Amino acid sequence: MKLLTHNMLTSHVKGVTKGYPLLIKATEVKVSEEEFNPNFVSRMIPKLEWSALVQAADGLGHLQDLPTELIADYEANEDFLRKVHRVLLEVEVLEGCLQCPESGREFPITRGVPNMLLNEEEA
Amino acid sequence: MASSCRRPEHMAPPEIFYNEEEAKKYSQNSRMIEIQSQMSERAVELLNLPEDQSCFLLDVGCGSGLSGDYLSEEGHYWVGVDISTAMLNVALDRDVEGDLVLGDMGEGMPFRAGTFDGCISISALQWLCNADKKTHSPPKRLYTFFSTLYSSLARGARAVFQLYPENSEQLELITSQAMKAGFSGGMVVDYPNSTKAKKFFLCLFAGVSANLPKGLGTESADKGVPSQVQFTGQRSRFKNMKGKSAKKGKDWVLEKKERRRRQGRYVKSHLSLIGIHFKPRYYI
Numbered sequence: 001m002k003l004l005t006h007n008m009l010t011s012h013v014k015g016v017t018k019g020y021p022l023l024i025k026a027t028e029v030k031v032s033e034e035e036f037n038p039n040f041v042s043r044m045i046p047k048l049e050w051s052a053l054v055q056a057a058d059g060l061g062h063l064q065d066l067p068t069e070l071i072a073d074y075e076a077n078e079d080f081l082r083k084v085h086r087v088l089l090e091v092e093v094l095e096g097c098l099q100c101p102e103s104g105r106e107f108p109i110t111r112g113v114p115n116m117l118l119n120e121e122e123a
Numbered sequence: 001m002a003s004s005c006r007r008p009e010h011m012a013p014p015e016i017f018y019n020e021e022e023a024k025k026y027s028q029n030s031r032m033i034e035i036q037s038q039m040s041e042r043a044v045e046l047l048n049l050p051e052d053q054s055c056f057l058l059d060v061g062c063g064s065g066l067s068g069d070y071l072s073e074e075g076h077y078w079v080g081v082d083i084s085t086a087m088l089n090v091a092l093d094r095d096v097e098g099d100l101v102l103g104d105m106g107e108g109m110p111f112r113a114g115t116f117d118g119c120i121s122i123s124a125l126q127w128l129c130n131a132d133k134k135t136h137s138p139p140k141r142l143y144t145f146f147s148t149l150y151s152s153l154a155r156g157a158r159a160v161f162q163l164y165p166e167n168s169e170q171l172e173l174i175t176s177q178a179m180k181a182g183f184s185g186g187m188v189v190d191y192p193n194s195t196k197a198k199k200f201f202l203c204l205f206a207g208v209s210a211n212l213p214k215g216l217g218t219e220s221a222d223k224g225v226p227s228q229v230q231f232t233g234q235r236s237r238f239k240n241m242k243g244k245s246a247k248k249g250k251d252w253v254l255e256k257k258e259r260r261r262r263q264g265r266y267v268k269s270h271l272s273l274i275g276i277h278f279k280p281r282y283y284i
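Quick note, the sequences are listed as chains A and B, same order. By UniProt numbering, the letter at position 74 of the first sequence is numbered 74, and the numbering carries on one by one without gaps. By UniProt numbering, the letter at position 131 of the second sequence is numbered 131, and the numbering carries on one by one without gaps.
The hints are simulated quantities; they were obtained by calculation from the structure and are not laboratory data. Just so it is clear, the structure is predicted and the values come from calculations on it, not from any experiment. Note that the Cβ used here is the ideal one computed from N, Cα and C, for glycine as well. Among these hints, one or two may not hold up.
Unchecked claim - Far from chain B, by Cβ distances over 12 Å, these chain A residues were calculated:
1. Thr27
2. Val29
3. Phe80
4. Arg82
Unchecked claim - Some, not all, of what chain B presents toward chain A, calculated at C-beta under 8 Å:
5. Ser54
6. Phe56
7. Glu73
8. Asp99
9. Val101
10. Leu102
11. Pro110
12. Phe111
13. Thr115
14. Tyr164
15. Glu166
16. Arg261
17. Gly264
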C-alpha cells in the first residue's frame with residue numbers, strides 16, 4: 001500500500017463518522033524507485049490531505065525533508081515535487097494494519113494489501 | 001470463465017468461485033487475457049479522459065490485474081478492489097503496478113470524496129446482483145456501491161462497467177440504483193447484431209450530463225435494428241447458444257431440415273411428422 005492510496009482510504013464501517021485518516025501501524029515497509037512524473041504529482045497535490053500525508057510519512061520514519069505545510073506555487077518547483085513523489089509513490093507498507101481513529105477497529109495489511117472487508121454488523 | 005454453459009455467479013459467491021485454481025486458470029488463458037485487454041481498452045476509451053494525461057483510476061473487481069495492466073500501459077496510476085484473496089495474490093505475483101485493496105463492492109468504496117479521475121470495471125458488476133448470503137439484499141448493495149462510488153469520483157468523472165447482463169430485470173435494477181445514487185448515463189452496446197461480439201458497457205457520469213457514446217458496429221448494414229437490445233423477461237439460458245437454437249427444439253428441427261435441403265439431401269416432408277401417412281388404398 002503506497003502512501004498515495006493511504007491518503008485516500010477511509011473506514012466505511014456503519015455509524016463511524018470520523019474514519020479518516022487511518023493510523024498506520026507498520027511492521028514491514030519497503031522503499032522502491034518509481035519513475036518521476038511531475039505532472040501527475042502536481043495534479044494529485046490538491047486532492048491530498050496534506051497533514052495526513054505528513055503524519056503517515058513521519059509515523060513510518062520516512063518524512064525526511066518533506067515540508068509540514070504545503071508550499072505555494074509548487075507546480076514549477078521540481079525539487080518539491082520530487083520530495084512529494086518519493087513520499088507518495090516510493091514508500092510502501094507491506095505488513096501491519098490500519099487503525100480507525102474513531103473506533104480503534106483494525107484493518108490488517110498483508111503483502112501490501114489492506115483488508116477492508118467488513119463484518120455483518122459493520123456493513 | 002470456467003464453464004461456458006452456466007453463469008459463474010449462479011455457481012458460488014465470487015470469493016469462493018475465484019479460488020486459487022480458478023485464479024490461476026483465469027490468468028494463464030491467453031484468450032481470456034486478450035478479451036480482457038480488449039474490453040479494458042474499450043472501457044478506457046469510453047472514459048473519455050483528457051489526452052496525454054496520467055490519471056488516478058479505480059478498477060472495481062480488478063481480479064488478477066489483467067485490466068490494471070492495460071491501465072498501467074496507458075500511463076495511468078490505479079487502485080484495484082477485489083473480493084477474492086486468491087485473485088489478488090495472482091495479481092501480486094504478476095507484479096502489477098497498481099495498489100490493491102481486498103474489499104466487497106457491495107459494502108461500499110472506502111475512499112474519500114473526489115479521489116478518482118475515473119473508474120473501470122470489467123466483468124464484475126453482475127456479481128453484485130446475486131444474494132450470496134441470507135443478509136444480502138442486492139438492491140441495497142447495489143445502491144451502497146453506486147452511492148459511495150459516486151462520491152469517490154471527481155466531479156465530471158466517468159465510471160464504465162463492462163458486464164454480462166442476465167436479463168432486462170437485472171439491467172433495470174442496476175441502472176435504477178445507479179440513477180438513484182446520482183449518476184446519469186446509460187448502456188452502450190457494441191456490435192448489437194453479433195451474438196459473439198456483442199458487449200455491454202454501462203457508462204455513468206458523475207456530476208455532469210453528457211451525450212452517451214455510440215456503440216460500435218451500429219452504423220453497418222441493418223439500419224432497422226436498434227442499437228439497444230431488447231430483452232425478454234425470461235432467462236435466455238440455453239437459447240441461441242453460439243448462434244444456433246437449443247437442440248431438439250422445434251426451431252432446431254426446422255433449421256436442420258433447411259440446412260439439409262440446401263445441402264441437396266433428401267428431407268422428409270413435415271406432414272410425416274404429424275402422423276399423416278398417405279398409404280395407397282384399394283378401392284373396389
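Here's how the hints hold up against the structure:
{"no.": "1", "hint": "Thr27", "verdict": "holds, 18 Å"}
{"no.": "2", "hint": "Val29", "verdict": "holds, 14 Å"}
{"no.": "3", "hint": "Phe80", "verdict": "holds, 19 Å"}
{"no.": "4", "hint": "Arg82", "verdict": "holds, 16 Å"}
{"no.": "5", "hint": "Ser54", "verdict": "holds, 4 Å"}
{"no.": "6", "hint": "Phe56", "verdict": "holds, 7 Å"}
{"no.": "7", "hint": "Glu73", "verdict": "violated, 14 Å"}
{"no.": "8", "hint": "Asp99", "verdict": "holds, 4 Å"}
{"no.": "9", "hint": "Val101", "verdict": "holds, 6 Å"}
{"no.": "10", "hint": "Leu102", "verdict": "holds, 5 Å"}
{"no.": "11", "hint": "Pro110", "verdict": "holds, 4 Å"}
{"no.": "12", "hint": "Phe111", "verdict": "holds, 5 Å"}
{"no.": "13", "hint": "Thr115", "verdict": "holds, 4 Å"}
{"no.": "14", "hint": "Tyr164", "verdict": "violated, 25 Å"}
{"no.": "15", "hint": "Glu166", "verdict": "violated, 24 Å"}
{"no.": "16", "hint": "Arg261", "verdict": "violated, 59 Å"}
{"no.": "17", "hint": "Gly264", "verdict": "violated, 63 Å"}
In summary, the structure is inconsistent with hints 7, 14, 15, 16 and 17 from the numbered list given earlier, while agreeing with the others.
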